[in-house]
Amino acid sequence: MATRLDLKVYDCPADVTWCPGCGDFAILRALKAALADLGIGPHEALVVSGIGCGSKLPDYMTVNGFMTIHGRPLPVATGAKLANPELNVIVVNGDGDSYGIGGNHFIQTARRNPNITHIVEDNQIYGLTKGQYSPTSEKGFITSTSPTGSIEIAFNPMVMALAAGAGFVARGFAGEPKHLAELIKQGVQHHGYALIDVLQPCVTFNKINSYEWYRDRIYHLEDEAYDAGDMDAAWHRAHEWGDRIPVGVLYRSEGHPAYEDEVVALDGGNPVTRIRDLARTPRPEQYEKLKAAFA
Amino acid sequence: MATRLDLKVYDCPADVTWCPGCGDFAILRALKAALADLGIGPHEALVVSGIGCGSKLPDYMTVNGFMTIHGRPLPVATGAKLANPELNVIVVNGDGDSYGIGGNHFIQTARRNPNITHIVEDNQIYGLTKGQYSPTSEKGFITSTSPTGSIEIAFNPMVMALAAGAGFVARGFAGEPKHLAELIKQGVQHHGYALIDVLQPCVTFNKINSYEWYRDRIYHLEDEAYDAGDMDAAWHRAHEWGDRIPVGVLYRSEGHPAYEDEVVALDGGNPVTRIRDLARTPRPEQYEKLKAAFA
Amino acid sequence: MVARLMNEMSILIGGSAGQGVESGGAGVAQAFARAGLHVFAMQDFRSRIRGGHNFFQMRLSESPVYSHRDPVHLVVALTPESVALHMDHIAEGGAVIFADSFKIDEEPLRARGISVDALPLTKIAEQYGDRVMTNTAALGATAGITGFPVEYLEGVIRENFAVKGQKVVDANLKVVRDAYDAARERYGDSFPFRLAAVEGAPQRLLMNGNEALALGALAGGCRFISAYPMTPATSVIEWLAKAPAEYGVVTKHTEDEIAAVCMALGASFAGARAMTATSGGGFSLMVEAMGLSGITEVPIVMVDAQRGGPSTGMPTHTEQSDLLFVVHASQGEFPRVILAPGTVEQCFEAGWRAFNLADQYQCPVVILTDTLLASSLQSVDARDIDFNSVIIDRGKTLDADVAPEEYKRFAYSEDGVSPRAFPGNPQAIITTASDEHDESGHISEASDVRIPMMQKRMRKLETARNEMRLPEVYGPEDAEITLISWGSTHGTVRHAVDILNGSGESARMLHFVDLWPLPEQELRQILGSCRRTVVVEQNCTSQLGMLLRMTTGFEANVTLTKYDGRPFGPDDIAAAVRREVGVGNKA
Amino acid sequence: MVARLMNEMSILIGGSAGQGVESGGAGVAQAFARAGLHVFAMQDFRSRIRGGHNFFQMRLSESPVYSHRDPVHLVVALTPESVALHMDHIAEGGAVIFADSFKIDEEPLRARGISVDALPLTKIAEQYGDRVMTNTAALGATAGITGFPVEYLEGVIRENFAVKGQKVVDANLKVVRDAYDAARERYGDSFPFRLAAVEGAPQRLLMNGNEALALGALAGGCRFISAYPMTPATSVIEWLAKAPAEYGVVTKHTEDEIAAVCMALGASFAGARAMTATSGGGFSLMVEAMGLSGITEVPIVMVDAQRGGPSTGMPTHTEQSDLLFVVHASQGEFPRVILAPGTVEQCFEAGWRAFNLADQYQCPVVILTDTLLASSLQSVDARDIDFNSVIIDRGKTLDADVAPEEYKRFAYSEDGVSPRAFPGNPQAIITTASDEHDESGHISEASDVRIPMMQKRMRKLETARNEMRLPEVYGPEDAEITLISWGSTHGTVRHAVDILNGSGESARMLHFVDLWPLPEQELRQILGSCRRTVVVEQNCTSQLGMLLRMTTGFEANVTLTKYDGRPFGPDDIAAAVRREVGVGNKA
Ligand SMILES: Cc1ncc(C[n+]2csc(CCOP(=O)(O)OP(=O)(O)O)c2C)c(N)n1
Ligand SMILES: Cc1ncc(C[n+]2csc(CCOP(=O)(O)OP(=O)(O)O)c2C)c(N)n1
Ligand code: SF4
Ligand code: SF4
Ligand SMILES: [Mg+2]
Ligand SMILES: [Mg+2]
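Residue numbers (the working numbering), protein chains in the order written: chain A, 10 to 304; chain B, 10 to 304; chain C, 361 to 947; chain D, 361 to 947.
Heads up, some of the hints might be wrong.
What the hints assert, rightly or not - Each computed DSSO-like pair below joins lysine-lysine, with the alpha-carbon atoms no more than 30 Å apart:
no., chain 1, residue 1, chain 2, residue 2
1, B, K216, D, K602
2, C, K483, A, K148
3, A, K216, A, K298
4, A, K298, D, K602
5, C, K527, A, K216
6, B, K148, D, K602
7, D, K768, D, K816
8, C, K756, A, K216
9, B, K216, D, K534
10, C, K756, A, K139
No lab work stands behind these hints: they were computed from the structure.
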């Protein structure tokens, strides 16, 4: 186990544009704490995000960061992981980015199972575009694009992740950064795709799902005799919402190969090391035998 | 209940390009039979498809048909349904079209719940592009894009539909067109989004999942004391695959409003009738009061 | 001693996101419009929800105004930055009013003959409850120093805060009045730049380009919009979503832009007038479906409200850099129409005209706007939003007495247009495919089907070409200098032409709203007859310049571009033209 | 009596999908190439898996062949349609061999001096087991009638059927031999068009454009491809997927094209050489991510194998109609490079050269091919696939001794290129955003960051412009007629030039492979010096013509277009040029 790092190594001078009180601050803190505890330095991690308030996170810490386009961080992250499996790849994006425009990548990545940690800043709203309903907004939620209330049943990230085949499914709360940091650590340590959906108050555009609203409803699975290895139990807990909202690890199944483990082409090298070596010594002769197939 | 129609009304001279023995023939027959039984005439239905072998179906029958682009028939169909709820809207497309490139529209439409019937020609392969693995191809499946075997866990349409919130989830088999026609009828009669995933042998590119392969494994839920109203039961049956594959209605939950039922703007008219009337009598005066908001 | 000026000034309100600069600015702009003043109000916002520096700049006059203009005569600052960032653009004799909650370096301003005062704006706001009302206080002070009747402000406040309850209304009324009095007390009538109600002015509406476009679309019979939020296009669907239910506009905020454009196509196929609205990034995702519209001849109106690119780029800033992209977007070749309105009035017209063009030519019609046009508030003579001028022409549709077996959705025709029918019509079965197809709509790959069908579709472009409008000319026929522009720069370039002609130059404007298809023959003529030409564009590569060269071979003498996301000012253009054309002459 | 011709003929094998026309044709083409003949084999397929009419047309010669050519001398028909559809293109003295399983109207052919015979192809196939071997019989008959040594065919059959086991191999060997004998028996040496092995010919490889491109990419160090199947691009990833594991090529068939291009960008960001391959419809979905590559300066190679558009269009047919689309694709403005190889050899080179350009200019590089080039089999001198000619230039990368706080990923530089570093490097932290950003990669909307950063990126285009290659010239400098073409028409146009010059005209070819950025100054020169110009394109609107006018003002005298999905033949072009240029002269 690597030695704990000083949180300061992730600090960054960039001016943070989040609203005072935004839940994203706690998520940033929790991510830094988790990486520090795990001894993963800024150059050993790659944080990939999309577009949205939450997706600005990589701009606010010192770490390799790729802020991509709306809804696409998962495939970008998967590509980076397959090109260099040594990297600790973490995806951070909003609920609209993950479950709205990015919904297909979410379910496909879950069953694909690359060793990536996916942290979703779930504020049940579109923040950066100033307050439209998101996939996780509850039915009846009033926003500028649903002035008479949304008429869609909310997207349930826990249920969808389980159905799609995710091996690690957890929910955290931005009001409990320490607990969240622990979840992130477990997610990073899980071998395979890990989802951590974070209840993240948007103090500016979501006046319903506030810190208080969440505090009044959440309970910790750790506090109960709950077996995260039991899929049926997870399926039932995953449906809990409203009066009681579980946080913690809902489901965990270890011992499965990650996608990259089964990619034959990654034996004995990876695309990044191979081109690095070829740029030094091209070895043209190695391709000659391929001509046979055409002769 | 409308009077039964003659199957011939759906016949069409177009030359059918499917391979002899393709499961799509039976699906075409079953769809015609279902519409005939329900007394839905060619001009009362709209069949929307994507791109693929199966998506050519609307070209082979006399019915309003819109063959769109790969993966997009669900949003196109939703738009048509919202513009004219009178239409009987049916989507027919392949497994790649539905669950691959169209995966996001699939899960979003299921929770959106427009009154649309979705028939998936699931041959566990990409047929029209000559045999690459599809989302529903089983792990280890060997194709031109998976020469050493696919390394992704297969996409489970039944499980995903249940998780996404579909109110009618069924599986049919192209080897049993009569049974399939019955499922399609129930799907059309279901008020809301209905999925009918059809096991469809591709005799040319999928040498594993043949008629025999399916026949050896399927069993009928109707033959058992099975309650399609029980979500937990459905969740377990939905996971069955391999030695025993259930066909029939896995889950059905009636009495929910369809999306369009809750669209306030559809009260007292719809976009199609409204523009038809406006084209005759524009009534410019009706907009004058809108100026107040800007004055 | 500075000459006094009545009803001719620029005001800037600056603060950080969340301080209500936008809402406050809009409120006071509304009050000025009600008093009969012409208003052009530009917003400059950062891509953040709180903090940073935002400002709202208004130009006010008794005669029409078409753009913002420096210098500003009054700066109302809610943050120190607001002063620091704008001090160089303040007119002599102007004033800076700032909230008492902070200090600034006043000397350099005073040295330039600018009066600087901290007014107890925050104190007043807190006194009546909450410092968030500081922006309300700023409005009161604005009226106070300019001598503008505070009653207009009070009227606006009553309406805007009504939803928040009487207590809030009353508090804000007290705040605005106290701040007004504080300013009066300090300045009396000494401030040289004055504002007053204009007697007998017609009713003026204050709206931005998105609102005008949405209103035009509604009046044109659009009853379906599916879109995905994207700045600066979002308010198009937001406005239609809150239109009264009686109009029956189905609005759908979808999972992404692909679903948005596809739902609109489905609705249009069914017979509705349907649209979608997005910015460049979302448009990129709609490109494939645009081609679906092209080959299936299902009409659709697509709004691309451009912003600073490439990619996410500068999301809250303005740019005109999608022109060549939308002209050529999607694989293969098919007809399309592209319009770029330049004013709020033109946005209203484009809103309904686009649907007529889409129905007449059964193809995608793209309306290109941008941040500047989409979100700037402009006063419009209420009579110019004329619903009686709105025409609804659905183009060729099936006349009911054709028997089914005779109906051919894609029948070859002289003008390339074939009669549409809609599903549900017992007279017609409509088969439509994204593959090449025969007259009946069934898939065919035969050469003898492909060639005439492709020619049929492309003929629509020639038919449309004859209907497209030539560029608007403003200024003397024989002008020495012709400024060539398109879209949102209309007002600024027009103003620049006035400035140039006012200072002894001879200039005119050639402004494009209709951008595709271009009437090439007439254009060669018009462009050929220009003397010295300057293409003015809010982009880096002069895309209109390239488009004109591609279609007519025309090459401008000078190209003027700007790509920092901040809109051209009329004086920038005038100065640059003097400089560049000067240079051009010598060369 | 027709003159006998040795090793100079065209053969057409026709049948319906599923009859093995493609595999059979490829097999015999391979045999001819092994015998030292030059081969150009074009396929014409329908978008269906079974039935319909497909054909495989081969041109064979002792001297190099660059395209297909009518008339055909031998038609081997597995269906009646195969005869009906091609009878007009059969040379006098030619022959039609058809399977005994059907009848055709033989008289009209005989009347034209074409010998027509039913041979017991199906009977022979069934005799040894299965009528699916009818195509094998057709190959034997082809060798028999032309006197071509059957041993070459037997060799190919042994290898191709090996995977299916010895029984299948033996059955096919018997079939090919019997059919060969049957044809010898019927024709002896009477058929005037003969084929024989070429003594001392160099080794010839038979490959299509996709294979050559993939091989070039592999040799250029590409070890990552993510793609989504789409005709005619699919075989690029399919070929790389079956490349031996030792090369370590990670291939990913994704859920869609958006994921495909994004995964490739992620891999490239991590430091790999990564690509994606699709056709126009898939490219449309990649447009947004292309802009991400543009602003983040993450290199990527994108193959657009064009096909008949718009939309799904004519999926299995050829077209060159995406040029202007890829030149302008995505919102905003950023540098890109576009290459359109014209031959299999050029596909190989483009395969590795594209990665050098992408790394040197840190931008998207698009390789434009099409159905004709991607899927036509061409014989290549094995020495021309020269792995020693392959250069790997990764462009500017961080030299390890820069301390972290000094490293700036987007440092302003003369040539616009800033040194790349890859995550994992302890010397550098890489922050990259799709928003506008400062030299360190952090988001900034400031004018004084935007302007220099935009200029930095756009400077790369100027740097690249100087490196792009001028169009290839073939034919006399002072030719009366210049044919201007791009991409896959290379061989056909070159052949047309030979035909024209052979018949007393004076023509040359100006062929573009490098299409963006264009070296505008040199081009104005070159184009200006042409006498009469004809732009030849496989599309409807003459896109290269428009591109040249947009960039240089050049206008061709004549444009020759074809958009029915069937490739130009050299004689079509020659004839059209004679006709059109004639007309042009009179005008
Ligand atoms: C293709 C595309 N469509 C739309 C947008 C506009 N946009 C930016 S952020 C965002 C959604 C923000 O919601 P979420 O992902 O939940 O992030 P949050 O701001 O709430 O943290 C949208 C629609 C975009 N940038 N790109
Ligand atoms: C955007 C886009 N990408 C790729 C393709 C190529 N394509 C045509 S059909 C198809 C998939 C076919 O598989 P499926 O949907 O399962 O239908 P099937 O042919 O098996 O019935 C693909 C990838 C396309 N037409 N459009
Ligand atoms: S808008 Fe909401 S999510 Fe965005 S920064 Fe502000 S509080 Fe956070
Ligand atoms: S390829 Fe498969 S799915 Fe397509 S038509 Fe043939 S059998 Fe049917
Ligand atoms: Mg959100
Ligand atoms: Mg399939």
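Going down the list of hints, with the structure as the test:
In summary, the hint linking K216/B to K602/D is supported, as the alpha carbons are separated by about 20 Å, within the 30 Å threshold. With a C-alpha separation of about 42 Å, the suggested pair K483/C and K148/A falls outside the 30 Å cut-off, and the hint is violated. Between the alpha carbons of K216/A and K298/A the distance comes to roughly 66 Å, so the proposed pair goes past 30 Å and is violated. Distance restraint check for K298/A and K602/D: the Cα-Cα separation of roughly 14 Å lies within the 30 Å cut-off, and the hinted pair is therefore satisfied.
The suggested pairing of K527/C with K216/A holds, with an alpha-carbon distance near 20 Å, which does not exceed 30 Å. For a cut-off of 30 Å, the pair hint linking K148/B to K602/D stands: about 18 Å separates their Cα positions. Only pairs whose Cα atoms come within 30 Å are accepted, and K768/D paired with K816/D is accepted, the gap being roughly 13 Å. For the hint linking K756/C to K216/A, the alpha-carbon distance of about 50 Å lies beyond 30 Å, and the restraint is violated.
A distance of roughly 27 Å separates the Cα atoms of K216/B and K534/D; the hinted pair therefore holds under the 30 Å criterion. Restraint check for K756/C and K139/A: the C-alpha separation of about 41 Å exceeds 30 Å, so the hint is violated.
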